[in-house]
Each structure stands twice: as structure tokens, then as C-alpha cells.
Amino acid sequence: MTTSDKDDSSPIRSALPGHVAASLVAYLNQLEQTQWWPVDEMEQHQFRQLTSLLRQAYENVPFHRQRLTAAGFDPNLSITREDFLALPLMTRSDIQSQGDALLCRNVPAEHGGMGAGETSGSTGMPIRYYGTELTQFFWHACTLRDHLWHRRDASGKLAAIRKNMKDSVQPTWGSPTDLIYQTGPCAMLDIGADIDHQLDWLQRHAPDYLLTNAFNLYWLARRSLERNIQLPGLRQVRSFGGTFPEDTRAIVHRAWNVALADIYTAEEVGYIALQCPVHDQYHVQSESLIVEVLGESGKPCRPGEIGKVVLTSLYNFAMPLVRYAIGDYAEAGAPCPCGRGLPVLKRILGRSRNILTFPDGRRRWPSFPSEKWTHAAPVTQLQLVQRSCERIDINVVAARALTDRERKELIAALQGCLGHPFAMEVRELAVIPRSASYKFEDFVSEIA
0 MTTSDKDDSS
10 PIRSALPGHV
20 AASLVAYLNQ
30 LEQTQWWPVD
40 EMEQHQFRQL
50 TSLLRQAYEN
60 VPFHRQRLTA
70 AGFDPNLSIT
80 REDFLALPLM
90 TRSDIQSQGD
100 ALLCRNVPAE
110 HGGMGAGETS
120 GSTGMPIRYY
130 GTELTQFFWH
140 ACTLRDHLWH
150 RRDASGKLAA
160 IRKNMKDSVQ
170 PTWGSPTDLI
180 YQTGPCAMLD
190 IGADIDHQLD
200 WLQRHAPDYL
210 LTNAFNLYWL
220 ARRSLERNIQ
230 LPGLRQVRSF
240 GGTFPEDTRA
250 IVHRAWNVAL
260 ADIYTAEEVG
270 YIALQCPVHD
280 QYHVQSESLI
290 VEVLGESGKP
300 CRPGEIGKVV
310 LTSLYNFAMP
320 LVRYAIGDYA
330 EAGAPCPCGR
340 GLPVLKRILG
350 RSRNILTFPD
360 GRRRWPSFPS
370 EKWTHAAPVT
380 QLQLVQRSCE
390 RIDINVVAAR
400 ALTDRERKEL
410 IAALQGCLGH
420 PFAMEVRELA
430 VIPRSASYKF
440 EDFVSEIA
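Letter 147 of the sequence shown, counting from 1, is numbered 146 in numbering that gives the first Met the number 0, and no numbers are missing.
A couple of the hints might just be wrong.
Within a straight-line C-alpha distance of at most 25 angstroms, the following computed SDA-like cross-link-like pairs (lysine to any residue) qualify [said to hold, decoys possible]:
1) 345 - 296
2) 165 - 103
3) 298 - 361
4) 371 - 343
5) 307 - 156
6) 156 - 191
7) 345 - 279
8) 307 - 354
9) 307 - 25
10) 298 - 165
11) 345 - 358
12) 165 - 154
13) 307 - 245
Hints in this document: simulated from the structure, not taken from any laboratory.
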């Protein structure tokens, strides 16, 4: 028995569950067991479900039938790992070009009704996707698992800063948490609000928990340090929606003396990984999807290696996504000391357009933590845009106009971080634009 097993007390107060809630409670009890399964036992269950998914795709979606046939798939046999790894990858462009042709209308009745959505298009490639009540059920279950892993007290006050939110206070945290637990209130604010306005708003509401976009959190914490704003009642912050600068956890801790719990999701597949409740790395949610991290050769990465993230959603029979290269990169991790058998992602590194390219063709993930350059100039926000193999623009929002000396020192500091004397130009802006989903990337490459 692990340490986590010994303490079954919960800081969350239970409510009387209805039909859906009872199903969630039952499934959460299953998840309490499956998280400790060894990898080979989990894989056996995954591949049984995968066989059903592939038969559904083969019988109902011509796009998949053609690709599966070419790979030698036999719908009368169970698929093996070797068969699976022989299947071609799907891409975002495949989903865009195929559109509703990927939709399977012959969905088993027990999967419930079907719904559609569209991704934010932060990569410039929005896609339309479909899911069912069952895929939504797994989304809800992972939300609740995250609360349980991190032992949040749902009776506390939650502050959520997200897109398309009206400045308001709701009586509960909302679904799915209030289906099972008696929760405190939730204050909501649109993420498009100015950072200073967000901080003032947080001071007024004094939440126990804060949920917001990863980069928004980073700049909130930095601005809080600059203004010496305290949030004494805050117990934990939770981030989503992209990668964040490597020093974010340290800055959050300095600003508010709390821990950061990050989640890795994608709108079209749901939860991909949750941060371990004991360590900073991420556990793949293997009960509902298969996650591969593949190197340039297409082979699985070993711990410590970086590769592209490839996803297979095991329960989405409405629009099967099989070996879907989502466009993200991650670092594969070793088994977690916490004892959970769920595979580990050590780091989420973001999109391929976040990779730095050197003049000699080498490519690597850039590192420029704020502690390395904040001494150079009074910059409140910074973004690097690589225009060519030799040139990088530095977009900054500053407290005042920068002097020539400050510009030179900022350039020198960033050149040192990147390990090459790139030609750099500082561009002072009133605001650095975000994507339509209010995501922010601190490094963007325009090199094809």
C-alpha cells in the first residue's frame, strides 16, 4: 500500500448524488484502483478497447477504412501493439480536409447523444470535432480526479479567469464538481481584462483557488510581485491551456507562497495528462486515451527524450481520432516515484513553432527564464519572434520607454540565454497580441 492509500479522508464535502453523479462516483472508485496498475495490465485494457474503436472506424468511416486496410488491419482479429504502431498518423490538416466525412453517425446508443465543437485555432489551424455524452463523462471524471489528487477543499471560493466569461459570481463551482460535492462560490472574469484589473479583482474576491490560462498566470504572478500584491487566502493555483515559461512555478511561489497544479488538455480529445499530486511531472490519463511520444524516426521516445505527442482517444466513436499528431512536443518521463503506473510526461514543450533554429540548422527548445533578463530593463512582458535563422525580434511591453543602454543589455542577456549572437531588435509595444483563445506564446518561430 502506498502512502496515498493509507489516508482515505477527503477535504471535500459530499452531496447526495443523482444518476449521473452516481456513475461518476462509481467510476472514480475504479480510477482509484487503475492508477496503480502496472503498465502492461493497463495496456491490455487499452488494446481491448482500441480493437472496438478501430472496428467502429473501419465499418463507418471511409477515410479510416482505407488507411486501416493499407496497414493490414483485420476487423475480425484483436489488434496488437505491433499492428497499432504500423498505423499511419493523422494530422490536423487531415481533420480539416476531411471535415464531416470523419463523422460516424452510427454511434452505439449507450454512448449517448452527440455534440460538436471547434478548437480555438491558436496554431492557425482550427478544427471542428465531435464527441458524445460518454466522452464528456470522461472529461468530467478527470476534472474530479484532479480535485481529489490535489485534495482541494470544494467548500472554498474559486476564481476562474477564462475566455468568454462575464464578471460575475456563481453560487457553486459548476459542473461536474457540484454534481457530487457541496461547493463554495465561483467568481468569474474574462481573460481579456487587463492584468492590473485582474489583480485588483483577485484582491477583492480573495479566493481560495485560482484557475486560469498558463501564460496569464505567469504574468499575473510577475505583476503581483512588481506591485507587491498579496493574496493571503490563496491555497493553490491551477493552470491550463498551453505551456508556460520554465520559471513560472518559482514565480508563483514567490508571489503567493502557493503551489501550481497544471493540466494538459486539448479540446478535441479532453484530458491528456494531470500533474502528479506529489511531483511536478504529468501522468497520462491512460484509462481514456493512448499517448505516444515519438522521435523523428517515428519510434517511441525513451525517458529524457523529446518527441511529438500522438493521441488515440479510446472512447470517441463519433469521430475516431487514431494516432493523431496534435502538433505538440513533450519530454517522455521515467516511472514516477509516487508509485502510480500511469505513464509520465516530464515536460510539455508546446508546438513545433516554438522551436529555436540556429544558422547551422540545429534546433532546440529555447530557454530564457525571466531571472536572466529582468535586470536589464523594466520589461513587464516579453516575446521572442524568430523571423529567420539569423534574426529574432524582441517584442516588449515596458513600464516606460527603454534607453539605448537597456536595449543593448536586454539583447545581450537574451543572446546569452539562447547561446548564439542572433541579430536582435527590440520592439516596444503597448500590448503583445494574444491568439483568439487568449493564449500567449513567449517564443514563436516563423521559419517553415
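Now the hints, each set against the structure:
| no. | hint | result |
| --- | --- | --- |
| 1 | 345 - 296 | holds (21 angstroms) |
| 2 | 165 - 103 | violated (36 angstroms) |
| 3 | 298 - 361 | holds (21 angstroms) |
| 4 | 371 - 343 | violated (29 angstroms) |
| 5 | 307 - 156 | violated (38 angstroms) |
| 6 | 156 - 191 | holds (22 angstroms) |
| 7 | 345 - 279 | holds (8 angstroms) |
| 8 | 307 - 354 | holds (12 angstroms) |
| 9 | 307 - 25 | violated (34 angstroms) |
| 10 | 298 - 165 | violated (46 angstroms) |
| 11 | 345 - 358 | violated (29 angstroms) |
| 12 | 165 - 154 | holds (22 angstroms) |
| 13 | 307 - 245 | holds (19 angstroms) |
Hint violations for this structure: numbers 2, 4, 5, 9, 10, 11, all remaining hints satisfied.
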